[in-house]
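Chains as they are written, first to last, in the working numbering: chain A, 1 to 228; chain B, 1 to 181.
A hint or two may mislead.
Unchecked claim - Within a straight-line C-alpha distance of at most 30 Å, the following computed DSS-like cross-link-like pairs (lysine-lysine) qualify:
(1) A/Lys170 / B/Lys115
(2) B/Lys63 / B/Lys79
(3) B/Lys168 / A/Lys77
(4) B/Lys115 / B/Lys79
(5) B/Lys115 / A/Lys152
(6) A/Lys152 / A/Lys108
(7) B/Lys168 / B/Lys115
(8) A/Lys210 / B/Lys63
(9) B/Lys168 / A/Lys182
Worth flagging that the hints you see were computed from the coordinates, not collected in a lab. Computed from a predicted structure; not experimentally measured.
Spelled out from the first residue to the last, the chains are:
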Amino acid sequence: MKKKILFGTLIGIAAVGSIIFAADHIDAPAVTGTGNVSLGTDITDVYAFQSPADNNNMVFVINTQGLLSPSASATAKFPENTLYELNIDNTGDNVEDMVIQLLVRNGKVRAYGPVAPAAPGTGSIVVANAPYAEASVTSYASGSPVVGTSTKGVKVFAGPRDDPFFFDLKRFKEIIAGTATKFHDGTAEDPATDAFAGTNVMSLVVEVPKSMLGSASSINVWAESKSK
Amino acid sequence: MLRINNKISFSFLITAALFMASCKKDHGNNNGGDSFDTSGVFTQQDQMGRPAINTVFVGADRKNEFNMTTPSAMSAAFKADFLAKLSAFGYTQNALGQNADAFGGLLVTDVLNAKLSGKTTFFDGTNVLTGRDLADDVIDTELLLIFGGSTGASNPGLTSDHINSNDKAFLTTFPYLASPF
Numbered sequence: 001m002k003k004k005i006l007f008g009t010l011i012g013i014a015a016v017g018s019i020i021f022a023a024d025h026i027d028a029p030a031v032t033g034t035g036n037v038s039l040g041t042d043i044t045d046v047y048a049f050q051s052p053a054d055n056n057n058m059v060f061v062i063n064t065q066g067l068l069s070p071s072a073s074a075t076a077k078f079p080e081n082t083l084y085e086l087n088i089d090n091t092g093d094n095v096e097d098m099v100i101q102l103l104v105r106n107g108k109v110r111a112y113g114p115v116a117p118a119a120p121g122t123g124s125i126v127v128a129n130a131p132y133a134e135a136s137v138t139s140y141a142s143g144s145p146v147v148g149t150s151t152k153g154v155k156v157f158a159g160p161r162d163d164p165f166f167f168d169l170k171r172f173k174e175i176i177a178g179t180a181t182k183f184h185d186g187t188a189e190d191p192a193t194d195a196f197a198g199t200n201v202m203s204l205v206v207e208v209p210k211s212m213l214g215s216a217s218s219i220n221v222w223a224e225s226k227s228k
Numbered sequence: 001m002l003r004i005n006n007k008i009s010f011s012f013l014i015t016a017a018l019f020m021a022s023c024k025k026d027h028g029n030n031n032g033g034d035s036f037d038t039s040g041v042f043t044q045q046d047q048m049g050r051p052a053i054n055t056v057f058v059g060a061d062r063k064n065e066f067n068m069t070t071p072s073a074m075s076a077a078f079k080a081d082f083l084a085k086l087s088a089f090g091y092t093q094n095a096l097g098q099n100a101d102a103f104g105g106l107l108v109t110d111v112l113n114a115k116l117s118g119k120t121t122f123f124d125g126t127n128v129l130t131g132r133d134l135a136d137d138v139i140d141t142e143l144l145l146i147f148g149g150s151t152g153a154s155n156p157g158l159t160s161d162h163i164n165s166n167d168k169a170f171l172t173t174f175p176y177l178a179s180p181f
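Extracted from the complex, chain A is given alone in its bound form:
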């Protein structure tokens, strides 16, 4: 009985069936192109973790343009009219105290900051007098990632990467559609399938000395895409 109720409510959320459930891949109409294409403004995932290579640093990842096939990855580009902004709140009020602003121009990426924004909120200008890290955008064909480092020790990378997100999206959609009542067991008899296996994203990665993030013990982080 309980299952039945739950099952019914899952069908109830099938109203969003045209939108694929994923991390944040094509999460809204404004960032979804014709044929459910993830646009350059579509943020698919955000990560924030202590650097595996240096405990004194934090790493921030903004992934965009999800579900790229290898052939699509070879020609994918970061739109030059779009600012990718990593927002950092270190006072606990969920308003950004610092931003890292990433822009791509003529095959180069720059990461400005972390620096106080000109103004918080949904409209941004680039704090162009802030120190920045710069690197060439790594091409799909490149065998190794191109990394730029600022005078302040901030590292930047931009280019195609394997999508680190994993999820049995197909099975979830079947549950939503009411043609399945549970996930696959992940066994040889009942295998689960990662819908993001073999797909790429356009990634922006920065590594920042923790000393540049203020003295708080924890921060709140979110990413934004902004266009002009």
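Using the hints provided, position chain B relative to the given structure of chain A.
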């Protein structure tokens, strides 16, 4: 009506101020002989903190709006929607001991919490919401918290998708994400 007018003039003022500041900044930049174009006012298109929040908890008619709402304003604008969705899921309490109001109140402000010392993970069995690592199985964590009930044992068929890791090994050096397929 008054409220609408206030809103329009307020946003106009912000745009005008940003534009003026932008012109000023450009000037400084050009003087430096730097051809990297940083000009203009950039307007929000998408935003994200925790995985799958907008996709799961916000109705189709408000998804664009959620992406345009600053995190500090999300709770006032969307908390009722989140509580309604949790109720539709049959939610009463999760393994963290949070009732619907507490859990919905946490999720609705879509920011990723990250500690600046120690382990950074979405959930590793011990640490909860101290960051998000590449290898974190965030979908299982969210399924467990939404469907697993107060012990995590409820609805066992819905609390894991049984995809537990990425299809490619991560790098030990920057930028850590694996090369593309």
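Inset, instruction - Take a quick look at whether A/Lys210 and B/Lys63 sit within 30 Å of each other, Cα to Cα. - result: It is violated: about 33 Å lies between the C-alpha atoms, which goes past 30 Å.
Inset, instruction - Please work out if B/Lys63 and B/Lys79 have their alpha carbons no farther apart than 30 Å. - result: 14 Å, holds
Inset, instruction - Verify the proposed pairing of B/Lys115 with A/Lys152, using a straight-line Cα cut of 30 Å. - result: The given pair, whose Cα atoms are some 22 Å apart, holds under the 30 Å limit.
Inset, instruction - Mind checking the alpha carbons of B/Lys115 and B/Lys79 for me, to see if they're no more than 30 Å apart? - result: The hint holds at about 25 Å.
Inset, instruction - Assess, step by step, whether the Cα of B/Lys168 is no farther than 30 Å from the Cα of A/Lys182, and give holds or violated. - result: Cα-Cα ~26 Å, so holds.
Inset, instruction - With a cut-off of 30 Å on the C-alpha distance, tell me whether A/Lys152 and A/Lys108 pass. - result: 19 Å, holds
Inset, instruction - Please work out if A/Lys170 and B/Lys115 have their alpha carbons no farther apart than 30 Å. - result: 34 Å, violated
Inset, instruction - Compare the distance between the alpha carbons of B/Lys168 and A/Lys77 with 30 Å, and conclude whether the hinted pair is satisfied. - result: With a Cα-Cα distance of about 23 Å, the restraint between B/Lys168 and A/Lys77 holds, given a limit of 30 Å.
Inset, instruction - Could you grab the alpha-carbon distance between B/Lys168 and B/Lys115 and see if it respects the 30 Å cut-off? - result: Since the Cα atoms of B/Lys168 and B/Lys115 sit roughly 26 Å apart, the hinted pair holds (cutoff 30 Å).
Violated hints, in rising order: 1 and 8; the structure is consistent with all others.
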